[in-house]
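**Q** So you can see what is in the structure, the chains are spelled out below.
There are 2 protein chains.
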Amino acid sequence: MGKIEEVAAGLRKELKDGKYEPGVRFPSEYELAERFGVNNKTANKAVALLVAEGLLRRGRRGEGTLVKQTSVFPKMFVGYIGSTEHPYYAEVFYGFQQNALNHDCIACAIAPPPEKLGSILRKLKLSGLRGFACSGFGIVDTSPLPVLYLEDQIGSEKYPDFVACDSFQGGYSMMKEILAHGHRDIVMFATLASNPKRMEGMFQALAEAGMENPEKRLFVLTEWRNPDYHIMLTLRKALKQFPGFTAAATASDNIAFHLCRNLEKLGIGWQGKIAVTGFGKVQGISDWLPIATVDQHPFTIGFEAFHALMEMIESGAPQQKHIETELANTHFIPDVR
Amino acid sequence: MGKIEEVAAGLRKELKDGKYEPGVRFPSEYELAERFGVNNKTANKAVALLVAEGLLRRGRRGEGTLVKQTSVFPKMFVGYIGSTEHPYYAEVFYGFQQNALNHDCIACAIAPPPEKLGSILRKLKLSGLRGFACSGFGIVDTSPLPVLYLEDQIGSEKYPDFVACDSFQGGYSMMKEILAHGHRDIVMFATLASNPKRMEGMFQALAEAGMENPEKRLFVLTEWRNPDYHIMLTLRKALKQFPGFTAAATASDNIAFHLCRNLEKLGIGWQGKIAVTGFGKVQGISDWLPIATVDQHPFTIGFEAFHALMEMIESGAPQQKHIETELANTHFIPDVR
Numbered sequence: 002m003g004k005i006e007e008v009a010a011g012l013r014k015e016l017k018d019g020k021y022e023p024g025v026r027f028p029s030e031y032e033l034a035e036r037f038g039v040n041n042k043t044a045n046k047a048v049a050l051l052v053a054e055g056l057l058r059r060g061r062r063g064e065g066t067l068v069k070q071t072s073v074f075p076k077m078f079v080g081y082i083g084s085t086e087h088p089y090y091a092e093v094f095y096g097f098q099q100n101a102l103n104h105d106c107i108a109c110a111i112a113p114p115p116e117k118l119g120s121i122l123r124k125l126k127l128s129g130l131r132g133f134a135c136s137g138f139g140i141v142d143t144s145p146l147p148v149l150y151l152e153d154q155i156g157s158e159k160y161p162d163f164v165a166c167d168s169f170q171g172g173y174s175m176m177k178e179i180l181a182h183g184h185r186d187i188v189m190f191a192t193l194a195s196n197p198k199r200m201e202g203m204f205q206a207l208a209e210a211g212m213e214n215p216e217k218r219l220f221v222l223t224e225w226r227n228p229d230y231h232i233m234l235t236l237r238k239a240l241k242q243f244p245g246f247t248a249a250a251t252a253s254d255n256i257a258f259h260l261c262r263n264l265e266k267l268g269i270g271w272q273g274k275i276a277v278t279g280f281g282k283v284q285g286i287s288d289w290l291p292i293a294t295v296d297q298h299p300f301t302i303g304f305e306a307f308h309a310l311m312e313m314i315e316s317g318a319p320q321q322k323h324i325e326t327e328l329a330n331t332h333f334i335p336d337v338r
Numbered sequence: 002m003g004k005i006e007e008v009a010a011g012l013r014k015e016l017k018d019g020k021y022e023p024g025v026r027f028p029s030e031y032e033l034a035e036r037f038g039v040n041n042k043t044a045n046k047a048v049a050l051l052v053a054e055g056l057l058r059r060g061r062r063g064e065g066t067l068v069k070q071t072s073v074f075p076k077m078f079v080g081y082i083g084s085t086e087h088p089y090y091a092e093v094f095y096g097f098q099q100n101a102l103n104h105d106c107i108a109c110a111i112a113p114p115p116e117k118l119g120s121i122l123r124k125l126k127l128s129g130l131r132g133f134a135c136s137g138f139g140i141v142d143t144s145p146l147p148v149l150y151l152e153d154q155i156g157s158e159k160y161p162d163f164v165a166c167d168s169f170q171g172g173y174s175m176m177k178e179i180l181a182h183g184h185r186d187i188v189m190f191a192t193l194a195s196n197p198k199r200m201e202g203m204f205q206a207l208a209e210a211g212m213e214n215p216e217k218r219l220f221v222l223t224e225w226r227n228p229d230y231h232i233m234l235t236l237r238k239a240l241k242q243f244p245g246f247t248a249a250a251t252a253s254d255n256i257a258f259h260l261c262r263n264l265e266k267l268g269i270g271w272q273g274k275i276a277v278t279g280f281g282k283v284q285g286i287s288d289w290l291p292i293a294t295v296d297q298h299p300f301t302i303g304f305e306a307f308h309a310l311m312e313m314i315e316s317g318a319p320q321q322k323h324i325e326t327e328l329a330n331t332h333f334i335p336d337v338r
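Chains Z and X supply the protein sequences, listed in that same order. Numbers in our numbering are just positions in the first sequence, counted from 1, shifted up by 1. Numbers in our numbering are just positions in the second sequence, counted from 1, shifted up by 1.
By construction, these hints were calculated from the structure, which means they are not laboratory data. For clarity, every value in this text was computed on a predicted model and none was experimentally measured. Glycine included, each C-beta is placed from N, C-alpha and C at the ideal position. Be aware that one or more of the hints could be misleading.
To be verified - Under 10 Å between C-beta atoms, here's a sample of chain X residues computed to sit facing chain Z:
1) 72
2) 74
3) 92
4) 95
5) 99
6) 108
7) 109
8) 221
9) 225
Just chain Z, same shape as in the assembly (with noise of 0.2 Å):
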């Protein structure tokens, strides 16, 4: 923080916590130069600050500055890009705009068609609106503007701030657990688009216990349209190769749920069987199904992710925070005799 915005968040302090009334004269920057300990034009320009905020107004000749209200609100407005439709993302949206109406600022959520995402991009670049936090598009340009991502990776793109759970730590932690089981005849399950990181966490967890080539463990679905079709492909590759699987980690509830449908199409009964662990903790998913999964936090997530976005906006430095993902539900992982 400079010499001016220390002076002008002193005052903004001054002003919110009932030092002046709305209406009398404000110190001169003779006055607060002095208090503050620094030249006349560094408190000249905090009060110019205060002004443009409206929390001051410049009287007539001779009248000084004057109080105009006492706070602002909000102090500024902070954009989400990203689709706050499904539950887990309406949660993180959730807890950004908790912590923005903590800090008296107010959150919008943007979610363009894909098609328009670039010219709402310009747009927004006059909208008024000081950062993003984003989800789901990728790397966007909101420059001049800090945008915040959360995630911290998607296939092998990395993004340079974000705030996201700790995909390899969950990844780990889940099959470190499935390990601890029992389980040795193992199959894992992902898609083209899951984090890469969730499932370079289990292949670590598999190493350290010793198996060779954990990736070859691994069958990915190519293709989301139509999941429990392509699950299904995918599930008779599974069982073709590793015909006695007893544990299946997934990189998402949304597969895990597909698989366990289509375990029950193929009548094989996997409730207190096979180990089938999801991702995410979706509510709506893994409330109600009987498996295993990864909290990601995702409350959490959005909530920090506003304290980084200010971060940003207010010094520019870089934020790059993990949030410690939760093991959740793992009495559903059967033991293996």
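Position chain X against the provided structure of chain Z, taking the given hints into account.
**A** For chain X alone, kept in the frame of chain Z given last:
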């Protein structure tokens, strides 16, 4: 729409359609007055509106009015007061946000903790937002800014302006469906907070089928903190009075979920035998439970709410719109043999 706004709207469209390049001189007020058949004062006020919006700017003496930019984004900010965390409300907000974006507006979400609601509402009046949709906070004071409610009624309180599903119709048509499957030994479950219109619709259908005192078949949960416990108490009461009931119509998917869980706890196999019905088609409840429910079309409610709010902002016209409900998953209602 007044004359001034009419002229402004026409000019806004011309600017957006690319009739004038940024930087060129805009037609004089005299020219505009003649073209639109209004007096100079009206033309002047329409131009002043566009200046205030940032589309035009006053040039130096003799330069006239110049085109600053050809469209403004966002045209306005609107607010959604209410939690967007629950999957149902996430979808309502998503519809609201999508339609806002269709109209070059930006939707903000504001979910204050109840104890801060009053102070946030006061602050919102000066926030620059132009109007609000509101859900789950009862009647709120946002005057002079308009507010549209996303419920038609809660308890006995009626909202002045609303877009909401037709609760009466939903309850009525679900009960008609239950009756059509041959059920006569019917009970109903609601909470004190349930929209009474839902139950009134159910009563109406029962009355039309010649059943006397349908309200005696309604069991109300007085407490929702510990739903599993309280629905068990209420279920036992219902079973005592109607030990052989074949249908249980509830006022929400949530009640239906806890009801199913408790029937199972009591060893009562309900699937394929007792018609349990929900209300809401909440993603993550009725998607996974084999029950019929009432689809309230939350996306459409949010989508239409933006439209209605625009009308309130632009013309102040009262808005009372019911969105039709639709029965979903009625194949789960067993026939009475």
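**Q** Determine for every hint whether it applies to the structure shown.
**A** Structure-based check of all given hints:
no.: 1; hint: 72; verdict: holds (8 Å)
no.: 2; hint: 74; verdict: holds (4 Å)
no.: 3; hint: 92; verdict: holds (6 Å)
no.: 4; hint: 95; verdict: holds (4 Å)
no.: 5; hint: 99; verdict: holds (7 Å)
no.: 6; hint: 108; verdict: holds (6 Å)
no.: 7; hint: 109; verdict: holds (5 Å)
no.: 8; hint: 221; verdict: violated (26 Å)
no.: 9; hint: 225; verdict: violated (18 Å)
This entry does not satisfy hints 8 and 9, going by the numbered hints stated previously.
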